[in-house]
Amino acid sequence: MLSLHCPYCGVDVDETDLTPGGEAHLVRSGSGSDDADFEAYLFMRKNPRGVHFERWRHSFGCGKWFHAARATDTLEVFGTYSAQTKEPPQDVQERIRARRPDWKGFGKGDRI
Amino acid sequence: MSDAVSVCNGASFSGAVQVLDAGLCGMITLRGDLADEKLSAAVKAATGMGLPKPRRIKKGKRGAVAWMSPDELLIFVDYDLADSTVTKIERALQGQYFLAVNVSDARATFALQGTGVREVIAKGAPVDMSPQGLPVGEIRRTRLGQVAAAFWLSDEEHLTLVCFRSVGSFVYDWLCNAATEGTLPRLTG
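Here the protein sequences come in this chain order: A and B.
In this text, residue positions in the first sequence follow the numbering used here: the first is 1, and each later residue adds one.
In this text, residue positions in the second sequence follow the numbering used here: the first is 1, and each later residue adds one.
Just so you know, these hints were derived from the structure itself, not from any lab.
Some hints could be false.
[Said to hold, decoys possible] DSS-like, lysine-lysine: derived pairs with alpha carbons at most 27 Å apart:
# : chain 1 : residue 1 : chain 2 : residue 2
1 : B       : K38       : A       : K64
2 : A       : K64       : B       : K58
3 : B       : K59       : A       : K64
4 : B       : K44       : B       : K61
5 : A       : K64       : A       : K46
6 : A       : K104      : A       : K86
7 : B       : K53       : A       : K64
8 : A       : K64       : B       : K61
9 : A       : K64       : A       : K86
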C-alpha cells in the first residue's frame, strides 16, 4: 500500500484517494520541434527500477495535482512537493541521495 | 414549487450507533483566493464567521464554514437562506474572480451519534480515525466505500457526513450496514 503526503491538505493520503498522473517533469515539445523530440514527448516514458518522479492528484480530497519522488522497487517515498516546479526541490533530492547513494541525480542517466 | 425533501426523507436507524438523515441543509460552494481580504470579509458578512484554518470547520450561530481545498470553502447555512446568502456573496465580490454556487440540492447530509462513530467510518474510509488522526473540528474529504464523502466530528460522539445526493441512499444503506449491532470492535482501555 502506498501512502503519500498531500502538500496542500497536509495529511497522509492513501493511494486509493489519489489518481496517478504518470511521469512528472515532462518537457513539452510542440509545433516546430523535430520529430524525435515530439515522439519522445508523446510516447517515451521512463520506467526505472528505483527512483522515479510522478504526478498524483488528490482526487477524492482537495483535487490538486502534486509531485511525488519515490522508489518503484521498495515503495519508499522520498517526498512530495508542489507541481509548479521544473525540478524536484533540493531537500527532496538530498533525501534521495542520502537513501540511494548510487542515484545519478535528477534527469541524469535514468532514461531507459 | 414542490416541497423539497432530503434524500432519505428523515430516515433513521438505531444500531451500534444511530444513523440519521440530517434533513435539508443549505450548502454553498465558494471558490476563490482564500488569502484575499475581500473574500474573507464577504464570508464574514454572509455567515458571521471568519475563514477556517486548513482542514478545519468553523461553527457559529448562523451556520458553519469548512475548508475544502486551498481555494475552496463549503458554507453551511439554513436551507431557506442559501440563495440569499449566495446573492450576498456575489454582491460583495462583484468585479473579481470567484465562484459561489448553491449546492444544497446536490448534497445529502447524515448525522451519526454514539460512542462508536469513529469505528463505523473506519470500516470504509482510508483515514486514520483515531482522535490524533482526525481531531474534533477537522473536516476530511475522502471516500466512503467507492463514493466521495466529507465528514467531521463535532464531539467524540457526533459525526456529520456529507456526500453527493445522487449516492445518498447508497451511503445511508452503507452506514446502516456498517452500524449493525455487534459489528464494532470492542473498545478497550
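Hint check:
1. Only pairs whose Cα atoms come within 27 Å are accepted, and B:K38 paired with A:K64 is accepted, the gap being roughly 24 Å.
2. Between A:K64 and B:K58, the direct Cα distance comes to roughly 23 Å. Compliance with the 27 Å bound is thereby established for this hinted pair.
3. Note on B:K59 and A:K64: the hinted pairing holds, with a Cα-Cα distance of about 26 Å set against a maximum of 27 Å.
4. About 12 Å separates the Cα atoms of B:K44 and B:K61, which keeps this hinted pair within 27 Å; it holds.
5. Our distance criterion of 27 Å between C-alpha atoms is met by A:K64 and A:K46, whose separation comes to about 23 Å.
6. A C-alpha spacing of about 18 Å is found between A:K104 and A:K86, which places the hinted pair at or below 27 Å, so the restraint holds.
7. For the proposed pair B:K53 and A:K64, the alpha carbon gap of about 18 Å is at most 27 Å, so the pair holds.
8. For the hint pairing A:K64 with B:K61, the CA-to-CA distance comes to about 32 Å; that exceeds 27 Å, so the pair is violated.
9. Annotation: proposed proximity of A:K64 to A:K86 holds, straight-line Cα distance about 17 Å (limit 27 Å).
Hint 8 alone, counting from the list given before, is not met by this structure.
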